[in-house]
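Build out the structure end to end from the sequences listed, making use of the hints.
Same order as they appear, the protein sequences are chains A and B. Quick note on numbering: this note's numbering labels position 43 of the first sequence as 43, and the sequence is numbered without any gaps. Add 142 to the 1-based position in the second sequence for this note's numbering, that's all there is to it.
Keep in mind the hints are simulated off the structure, nothing from the lab.
Here are the simulated DSBU-like pairs of lysine-lysine, each with C-alpha atoms no more than 30 Å apart in a straight line: (1) A:K79 to A:K60; (2) B:K198 to A:K60; (3) B:K198 to B:K262; (4) A:K59 to B:K198; (5) B:K262 to A:K79; (6) A:K79 to B:K194; (7) B:K194 to A:K60; (8) A:K59 to B:K194.
Since we're looking at a predicted model, the values are computed, not measured.
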Amino acid sequence: MYIRFAQPVFGSEFRNRQGIGSVLDDVFTPSPREASFPAVDVVENEGGFELVAEVPGMKKDDVQISLENRTLTLSGERKHYGFPEGTTIIRHETLTDPFRRSFDLPEEIDANRISAELDNGILRVLLPKVEKAQPRDITIKW
Amino acid sequence: MDKKKQVALIRREPFALARRAEQKEEFITAVVDIFETPDAFIVKLDMPGSSKDGMKITVESGVLTVQGAFKSLHRERVMTPTRERVTLSYLREFNLGEGVEADRIEAEFEDGVLTLMIPKSDDYKARQIPIS
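Below you can see the structure in the form of structure tokens.
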């Protein structure tokens, strides 16, 4: 049982397959940051899986989590905090591009009980397994 | 204005990393935004997963050092099929030039972003010179 990182549908994979992009591609294809952002750890424990993603500077409303056909998609956009008036920028390394990452979930995950929390720039998506998939001790009667 | 007198706030990390490597410790460079307002320098560092408690901000001989501990954050780990997050502590160092008040640096940590406000000393603040 595992969680597979799905290929981005609208990423460069798609564009490459279509040949070198026409101008229309760039107009009509959203260009979310490629599948390297945000960094995601996937962990399995007895109760289910956890996705842990780094989303610094993002609020609840900046991140969307959607589920469709057992594909879980994290998407969103980091909003810029905005430079105050009269600012001179010395260094600007943070990115505010939109991002999108998808994950194929195994059958054993209970889609109705998926939950998520956001704390200190870390998004944690909890993906519990369906009850019957969990290991349990069988008491043997003599 | 004399160029040399301008406040310098330059990243210093190539040397810092080299020095740390000798101590057999490794760090990840925190992503940073630095900007200057009329009154202060603002430094914003991405340190997702860090907490106020695990953070160390020091100024020594004109070098501002920010360090944040990495936490794996996984509860009762059984196995890790995929790991992308770098499991190193954050580090970034900056040279503070003349004209900043290192004693009055203020720090704030929100949504995994550390914001440092480094006030300029009065002599270096931008001001209008009235023409008489």
